[in-house]
Structures are given as structure tokens and as C-alpha cells.
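Novice: Below, each chain spelled out in residue letters.
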Amino acid sequence: MFTPHTKHDVEVMLKTIGVEKVEDLFSEIPSQFRYPELDLAPRLTEMEALNELENIASANATTKDFISFLGAGAYDHYTPAAVDNLLQRGEFYTAYTPYQPEISQGTLQAIFEFQSLICRLTGMDVANASHYDGATAAAEAVILAYGHFRNKRKKILVSRAVNPEYRETMRTYMQGDESIQFLGDDIETGIAPDLQKFIDQIDHNTALVMVQYPDFFGRIIDYKPLIEKAHEYGALVAVACNPTALALLTPPGDFGADIAFGEGQPLGIPLSFGGPYLGFFALKNELLRKLSGRLVGETTDVEGNLAYVLTLTAREQHIRREKASSNICSNQGLMTLAATIYLSLLGKHGFKQVANLCYQKAHYAADQIAGITGFDLVDETTPFFHEFVIKCDEPVEEVLEHLMHHEILGGYDLGQAYPELKNHLMIAVTEKISRDDIDYLAGVLSEENHG
Amino acid sequence: MADPTIFDLSVAGRTGVTFPEPDVPETSLPQGFLREKLPLPEVSEMEVVRHFTKISQKNYAIDLGFYPLGSCTMKYNPKINEVTSRLPGFAFTHPFQPIETVQGNLYLMYTLQEMLKEIAGFDGVTLQPAAGAQGELVGTLIIHKYHKDHGDTQRTRMLIPDSAHGTNPASSAMLGFDIVPLATDARGNVDLEVLKSLCDERLAGIMLTNPNTLGLFDENVCEVVRIVHEAGGLVYGDGANMNALLGVFRPGDVGIDILHFNLHKTFSTPHGGGGPGSGPVAVKKHLIDYLPDPVIGILEEGDEENAPFYGFIHPKKSIGRVKSFNGHFGMHIRAFTYIFMLGQEGLRDIAEKAVLNANYLQEKLKGTYTLPYDRRCMHEFVLEGFWKDVEGIHALDIAKRLMDYDFHPPTNYFPLIVKEALMIEPTETETKETLDRFVDVMLKIAEEARTNPELLHDAPHNTPIRRADELKAAKDLVLCCYTGDDWPGI
Amino acid sequence: MQVPQDLKYQKTDEWVKIEDGIATVGISDYAQDALSDVVFVEFEVDPDDEVEAGGSLATIESVKAAAEVVFPVSGKIIEVNQALIDKPEILNEQPYGEGWLVKLQIADDASLDELLDAAAYEAFCQER
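Chains as they are written, first to last, in the working numbering: chain A, 1 to 451; chain B, 452 to 941; chain C, 942 to 1069.
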């Protein structure tokens, strides 16, 4: 169906090549291995295939069928219609990596605008064209810091309040070097790890200090004292941040962070069961030469016209090969474009509106739930953005099951990733959730307690 | 003519998409944490649409024309993939939903794992890696952990052919392996004598691309695998070139231990201007326990009445997680749709037509361009982009001139072992007419190189921009629209 | 192609000038020409570092390539040419003069014997 060859085409081509049949083209493959039988379902037309895919999809319950309070790193935001509409233009969708700038100005300009938007949002000087996701961006921050100190500083200090999957991914990436130490997140400190104790662990052997903002539990923390101490000892500071929160909150670049990175999925990218998402990564000028990943720069062409090109490519794997600091080749192309269009469509006002709605609704939800017997808001003093933690008298599993029967996806069971947080449920609220939805949740939870 | 940036289009007070007022009683924002300014553009929706529509029109794309890019497999991206991946049943599922509510997703991922195993001849698959390079990293991590578990910490050498893609050595270096380049012999095969001399107790493994980046099937592949295994090493297969092998050959059958796939090459998921990719990795039985955590498995077997119950399985000796959540599910759906529609017959047809197209082009071009390895090629082949008797013409010039004829250039300067390399991969979705037109243009350019070389040196002439000053881009770095507070819109 | 007579060379295109136990190291005219316009020099060492012949001195990046510079001798770093960080083009303009990379105190003389003199290096370059 996708191969256009007619019988005549094949005949003429075979004749030109000088073989009798197509099979002869594979004569170099050892005969005992040639043309194996594959146990696959038989060929189908598009119409039949779509029918089957629709069946498969119908076996799922979605955030359209259920009211969802799930967050923990991926959020159900509204994506305006124009995002996907523009994204699906064949010129963007089916274009290759912009190695030939003369015929890739669309892609290159879009990435340049993405880089600019991320710089503005994070308060940083330079942003790259993206990493795969927040977790791999975290790993790249570790690689950068380690290389920055020429492998002489061995400690990576990470807060337990950084996304658990980021902390796992970083360790996976660095397992080839046993001299590197990850510390700071091992002791089971619950949702309020002692910041001072954490800061006290910074020393001259620390390459990188990593924290999250808002943290994994949704809380907004002042990291200025931490950054001061880190810089006193010459260590770098990387802050994992939520982009929606940055519409309202002081960005990491403004409070002294060296690197700001995170998960860009909230910027117009569908939940899609976890991927593809978008890792954004930005830093101060001083660290520019250590930045991995693609970078688009502005220049001129031979006629003096403004032009965009991939630049500083000598850092990358296709040139440095084994000397490259990272093996990264692709970026998240389409996701980067989606985020650029999303931020352009919402702009200053729309984006602030979304962030404010998330904040307001989450605080209303927290108030409503805290008032129900059997459910306690764990941290009543630290400011939070759009996610908060509730302690339940019953096992979270049971609460969630009860909620599911009422078509509510209740939130994230923290006990899965934090053994000390059994019976703790994390609830996220976005602009898509209405007051009625929250009241309904509260109603069902009250029932749960009496049931 | 350059288009203004989205920042240039900004006018204070303009709004694009807006949202409702809060329907809950308002509470004050956290004092001391609020940013003073949010320097994002203010553009109306139509202006945004016009902006991106206009700049998109400066792009070349598969939907517009031929991309003979060796190593990239720029085949047609079926639109049905865009329908299936957007089915709300898939698109609106959160990765942390209870598994009972996402059995459709898990079934799809499980079945895709099984399909890939079957296609390539392996025993286990992970769908987690985000791209080919990440798949390679998973491969080198597995090799590293495997040897460590066996107490073979002296196995630090990774053999990598000199024709390999840059991500191969880069991925190995991330694990601290000593990379030893492996010579390619005059027929384009791995040099067996050199290989034997490098196989000792220090050998961790070899990263092999077959067919290689010259488009040639290694005539000694079984022997290569045997030699490496005998010395206690593991064989990693770079599956970027699977398009030549679908339904015709299974790398697992000759003993390759680990293989990565590029869904965005072989399995038609879109290139999107640079990503997202997806790089599943397949392994043999002895390495299944090392796969990234988690993989999809059957938790409860089904029967005549009930479907199996799918969930997440945690490999016992896993190298760990390599990214968040479940991998690029949106790409899994597309690859699944593609393989599901094609079946064995369709997959085999792809390999046959891809190899047919490549050999046809090779035959038609080899008289005019030098073909350093004159052998039957697979799905791609490499020519030299220069002539000894024509001064001052390089692969770059030929590439740039092709753009004047509405063709994207082939891959150039890769593989490194061919001087002024032009790597050509037509793929199976191109018609004979397109191939013939490409041949005509390539022959014309060869002639222009002799009679009117300035046309090549000054090319391209008809594209949205002419040749860009890359030196200036690297020296006078401008990496973002406006810097600091000099944007009027702030 | 310039090949000053008073210097020693390596096949990997570094030159060394030795005076009173202090070695100054740089890259040759052949090397800077092959790289073409240098955009960045990344030093792998700091003053006071002890280094071995063959070890990594710096990576030099041009628009299309990145080349590793290795130490022709062993010793202790005295000075690194910081001027190259801001103006990498000096490497192209004056590879033997202002474009020097590092100065070091030589540890042992053994490695000196393996260096090529100007004539040998020039001959080597002709054959490339």
C-alpha cells in the first residue's frame, strides 16, 4: 500500500540491475537465514486496522471519562485547537533534522523561538533545543556538572523531594563510574526533608546540588540560602522546575540557579500514557560550552539575509564521537514545536491565567478535603502551587478504588515511591477541573469515610 | 526575506487564547515568590497561526519531496498513524492510572514487544528508550552490567567499526569503555584478521551495524559473531538499517545478543524536524533480566472468556530506568499501527522494494560517480562526492546544488571512511519516476561540475536562504531572541 | 606551510619549545590550517596539574571539527594561555607565537627523544 511499484516498474529495474528476480538481490544473506517465516497477523487495509485500533483504545478509561486528579510529573492541561492543527502541517511533521539550513528555516526558527521562550520563562541565558524528558534532562545536568569539574568532584547532592523517576534515571546513567556518589535523598524523611541538614552536606567535593521547584510534593521553597552555600563551595545548582508554575513564580535564573530544567509536557503536549514528552534545559552563559544537545543560532547568509542554523555542532556526537560529553542525537522536535505554539497562543496573559486557575482550584480543593474527617492536609504552612499531599486514615489503595467506582482518578499513591509515605495521597488540580468536580470529589471522600 | 520572530509580532495588550475566570473563592498568591515580569509575547490567535504557517512553508519535508538521506530511512509517514495515535482512548490516559484502566495501552505495548521480537529474532524487548542513541546507551549499559555480574571487570574494550554512526562510540564512552576502532576491509566487511587480533579477555563486546553504513551486508557476519562470542564478548547490533531486512533476515538468528530499533526510521513514525524518536531494544534470553525497569508483561493469563491481564514487570537484574514513565507511547501506537497493517507480507515487500530502489540507483549512478565499494548494496549505498580530475568540487557543493533542483541532499561526510561521502537511501516509498528524475539531476550536476562549477559553488540559489555563515554563527553567538531587558515587549 | 627550525614536533601536530627545563606547547601551522577557523579552545588542565606525555591537553573546536591536543612531554603545568578563551582566532593567526597553549616544567627528558625535528616533521607532512 505504501510501495508504489507496478509490475512493469519492477521488471525494468531488475533488468537495469541485471538480476532476474527480486529475491536475487539478497543472495549475500546466508541461505539458511534468508526469508524466515514470521508469526505475525496477516496484512490488513487501513479501514480494518483502524477498526481494531479503535477497539484497543476502547479498553481504556481516560481523563475524559473520569475526573482526574493525577499529577506527579505529568499534568492534564487544556491544549488549544490551533496547536495540533499547526503541528500537523506536513512541512513541520515530515521534515528531517535541520542539518541543511537552506531548506529548514521553518524548523530552525521555531526551535530558536523555543529556546528564547524557555530562557524567558526560566530566567536563564541559554536553552538548548530540548532533551527527551525531565528525567533525562536531570541526567544531563549531572553529566554536565561532573564534566565541568573534570571528574574531580565526586558528589551529587540530590533532594528527596526531587521526582523519584529523575533520581532513578540519573543513577542509571552514571552507573559506569563507581566513584560518583549520589546522596541526600536516601534517608526516609517524608514530605518535609530538613533543608538545613541538606544544605549542611554541601562541601568542596560536591559537583552538583539538585532541588525541585515546586518540589515533587507541590511545595514552594526558598532556595536562596542553599544556592548561596553551594556557590560558596564552588558547586553548581540545578533546579528542576514546573513550567506552568513559572508563569507566576520567581524563575530559578533570578534566584541564582546555574541550571534550570524540567518536564515540558504541561506546555500543550498530550498525556498519551507517558510519552513522547519534552525535556527543557537552560543555563547561565558561563556554562554554555558544556551544554549538550542541539542548539540553534542566528546568523546571516551570503546575501546578508537573516538565517538560522544549528551551531556549536562540534560538541555533538556526530563530530566528537567518543569524546562527546553526551551521546544525544535527536531532540524532541514535534514536542518542542507544540510547546512553542502553545506558549505563543497563550502568551503572557493566557499562561498566567492557566497558572492562576491551577493555583486557586488546588487551594480550594485542599480546603475542602482538609475539612473531611479521615483526611488531613499534611503541610499546612508551606505555600504550594497546584499539588498537595493528604494523609488518609485508610490505605490509599482503598480510597482510590472507592473513587474509581465513582469515576474519579483520585491522585498519586506516594507509598509507591516513598515507603515512609504509605497512606499519603497526592492530588493535582489543573484548569480543566471545575468547582463542581472538586465538590463531587469531596462528597465521595466524605462518603468513603462513613462507608 | 526573514520572517519576524514571535517576539517581534508581540503587541502589548494583545491576547491569544484565554481561559475562564476562577469558579472558586480566590486565595492570595504566595508573597515573596512572585515574579515581577513574565516576558512572553502577546499575539492574537490568527497572528500566531499565520506566523507558524508562513515559516513552515520554508521547510522541505517528505510530504513535499524526496530525501535520499542514507542512514535516516526517510519513508512516507502514513497519515493513519496520526489518527490512531490521537484516538482519545490513547491520548487522554495518564501514565500513573491504575493498570485496570489502561489495559488497552498495555495490550498494545505488549503486542508491539512481541512483534519486534518476532521480526528481529529475539526473546525480550523494552520499549522505554526515547531514541536510537538512548537504545544504544541501554545496550552498552547491559553489556557493562553483564560483565560486572560475571566478575569480568577487566572487560573494558568495545570494538566499533570505523564506519559506525557517531552515537555508537559516544554511547560506549558514557560507560567508560575503551573504544577500539575496527577496520573495514576492501570489500566493505569487518576485517576478520584485525578482529581476531583484538579479541582477548579484555573484550567487552562489539557494536555492529549490519548492513553497515556503506549499505553492505557483511559477508562474514556469522564468523564475526562467532569470534566475538568465543572471546567472551557480547554482540550489539545497531538496527538503524533494519529497513533492508524486514521479513528477509533476522539479526537474532545469527546470534546477535542485543539490537536496537529506530521506530522513526524503519517503522514510519514521523521525523518531526528532529524528533521525537523511539529506540526499543531487543535482547536474547540470557540478557532479559537486565532490561530497563519496567517492561510490559502478562500478570494473569487469559482463557477463552477473559483476555490476559497486562501489567508492569520488573526485570531482576535491571540496569534501571532510563527515562520517566513508559517510553514514547505515542510512537508505539504509530509503529504498532504500521506493523499491524503490513503483516509479514507487507514487511517483506518493504525490504524488497527498498533494496530494489537502492540497487537501481546505484547502477544508474556508478558510471558517473565513483562507487568505492562496487558490490550488491542493500537499502543504501555510498558514492564519492568528488572527481580526481575536477578541481575544487566537494560533496558539499553537489549537495547544495541538488537543492536548486528541489531535492534534499543525501547524507554527506558520513561514513568517515569514504572521502567526500554521499550516502544515498531512497527507501521503498519512492516511485521509479522520482528515482529517474533524481538520476537525471545527479548526472546534470556532474556535468555542471566540469563545465560550470560556479553553479555548484554558489548553490543553492533558489532556496529561502542561500548558504549560511556558520563560522559567524559559532563565533558571534546569538542563541535567543533579544537578551536581557532589551526586548521592547518586556 | 611554516615549520620553524628551532622547535620539536609530534606526528599528532603539536610543537614544543624547550628552554631551561620549561616547555611551551602549541599546535602546528598544518594543524590550524586543517581545522580552519577555530571557535573555541577547551583546556583539560589547570596550573599545578601533573601531566603525562600522551595525556589530553585541550580540545580545539572549529565549525566542523573538534581535535584533541595531547602532551608531547610529561611535567607540571605552569601556565595556560587564557587569551585563547576570548580570542580563539589567535591560534589560526599565530600558531607558533601568541597562539601557544601551555607552559610546563618538564618532569623527565625521556619523552624528548621521541620528538621529531623540523625536517622530519616537514617530511611527514608532505606524505599526508
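Think of the hints as simulated: they come from the structure by calculation, not from any bench. For each residue, glycine too, the CB sits at the ideal point set by N, CA and C. Please note: incorrect hints may appear among the correct ones.
[To be verified] One-sided and incomplete, this derived list gives chain A residues near chain B with beta-carbon spacing under 7 Å: (1) Leu86; (2) Gln360; (3) Ala370; (4) Ile372; (5) Gly374.
[To be verified] Far from chain A, some chain C residues (derived; all Cβ distances over 10 Å): (6) Pro945; (7) Asp947; (8) Val980; (9) Val992; (10) Glu993; (11) Thr1000; (12) Glu1002; (13) Glu1009; (14) Val1011; (15) Asn1022; (16) Ala1051.
[Said to hold, decoys possible] In silico BS3-like links for lysine-lysine, alpha-carbon gap of 25 Å or less: (17) B/Lys923 - A/Lys284; (18) B/Lys870 - C/Lys1005; (19) A/Lys155 - B/Lys883; (20) A/Lys7 - B/Lys883; (21) B/Lys488 - A/Lys284; (22) A/Lys155 - A/Lys290; (23) B/Lys735 - B/Lys568; (24) B/Lys895 - A/Lys15; (25) A/Lys352 - A/Lys391; (26) A/Lys323 - C/Lys1028; (27) B/Lys599 - A/Lys154; (28) A/Lys197 - A/Lys155; (29) C/Lys949 - C/Lys1005; (30) B/Lys568 - B/Lys647; (31) A/Lys64 - A/Lys432; (32) A/Lys290 - C/Lys952; (33) A/Lys152 - C/Lys1044; (34) B/Lys926 - A/Lys323; (35) A/Lys290 - B/Lys926; (36) B/Lys923 - C/Lys952; (37) A/Lys21 - B/Lys735; (38) A/Lys152 - B/Lys599; (39) A/Lys284 - B/Lys647; (40) A/Lys224 - B/Lys895.
Novice: It remains to establish, for every hint, whether it holds in the given structure.
Specialist: Okay, the hints, checked on the actual structure:
1. Leu86: holds, 5 Å
2. Gln360: holds, 4 Å
3. Ala370: Cβ of A/Ala370 sits 13 Å from chain B, so the hint is violated.
4. Ile372: Violated - the Cβ of A/Ile372 stays beyond 7 Å from chain B, reaching only about 17 Å at its closest.
5. Gly374: Since chain B brings no Cβ nearer than about 21 Å to A/Gly374, farther than 7 Å, the hint is violated.
6. Pro945: holds, 28 Å
7. Asp947: Fine: 32 Å to the nearest Cβ keeps C/Asp947 off the interface.
8. Val980: Given a closest Cβ separation of 7 Å, the condition is violated.
9. Val992: Check passes; 12 Å lies beyond 10 Å.
10. Glu993: Answer for C/Glu993: holds, closest chain A Cβ roughly 15 Å.
11. Thr1000: Answer for C/Thr1000: violated, closest chain A Cβ roughly 7 Å.
12. Glu1002: The claim is violated: C/Glu1002 sits with its nearest Cβ about 4 Å from chain A, within 10 Å.
13. Glu1009: violated, 7 Å
14. Val1011: Answer for C/Val1011: holds, closest chain A Cβ roughly 12 Å.
15. Asn1022: holds, 16 Å
16. Ala1051: holds, 26 Å
17. B/Lys923 - A/Lys284: holds, 21 Å
18. B/Lys870 - C/Lys1005: holds, 15 Å
19. A/Lys155 - B/Lys883: Violated. A/Lys155 to B/Lys883 sits at ~59 Å, over the 25 Å cutoff.
20. A/Lys7 - B/Lys883: Since the Cα atoms of A/Lys7 and B/Lys883 sit roughly 12 Å apart, the hinted pair holds (cutoff 25 Å).
21. B/Lys488 - A/Lys284: The given pair, whose Cα atoms are some 19 Å apart, holds under the 25 Å limit.
22. A/Lys155 - A/Lys290: holds, 18 Å
23. B/Lys735 - B/Lys568: Holds - the C-alpha atoms of B/Lys568 and B/Lys735 are around 9 Å apart, at most 25 Å.
24. B/Lys895 - A/Lys15: The given pair, whose Cα atoms are some 24 Å apart, holds under the 25 Å limit.
25. A/Lys352 - A/Lys391: Distance of about 30 Å is beyond 25 Å: violated.
26. A/Lys323 - C/Lys1028: holds, 23 Å
27. B/Lys599 - A/Lys154: The hint holds at about 21 Å.
28. A/Lys197 - A/Lys155: holds, 16 Å
29. C/Lys949 - C/Lys1005: Judged against 25 Å, a Cα distance of about 28 Å means the pair is violated.
30. B/Lys568 - B/Lys647: Violated, at roughly 30 Å.
31. A/Lys64 - A/Lys432: holds, 10 Å
32. A/Lys290 - C/Lys952: violated, 29 Å
33. A/Lys152 - C/Lys1044: holds, 22 Å
34. B/Lys926 - A/Lys323: holds, 22 Å
35. A/Lys290 - B/Lys926: The given pair, whose Cα atoms are some 16 Å apart, holds under the 25 Å limit.
36. B/Lys923 - C/Lys952: violated, 31 Å
37. A/Lys21 - B/Lys735: Violated, at roughly 34 Å.
38. A/Lys152 - B/Lys599: holds, 24 Å
39. A/Lys284 - B/Lys647: violated, 49 Å
40. A/Lys224 - B/Lys895: violated, 65 Å
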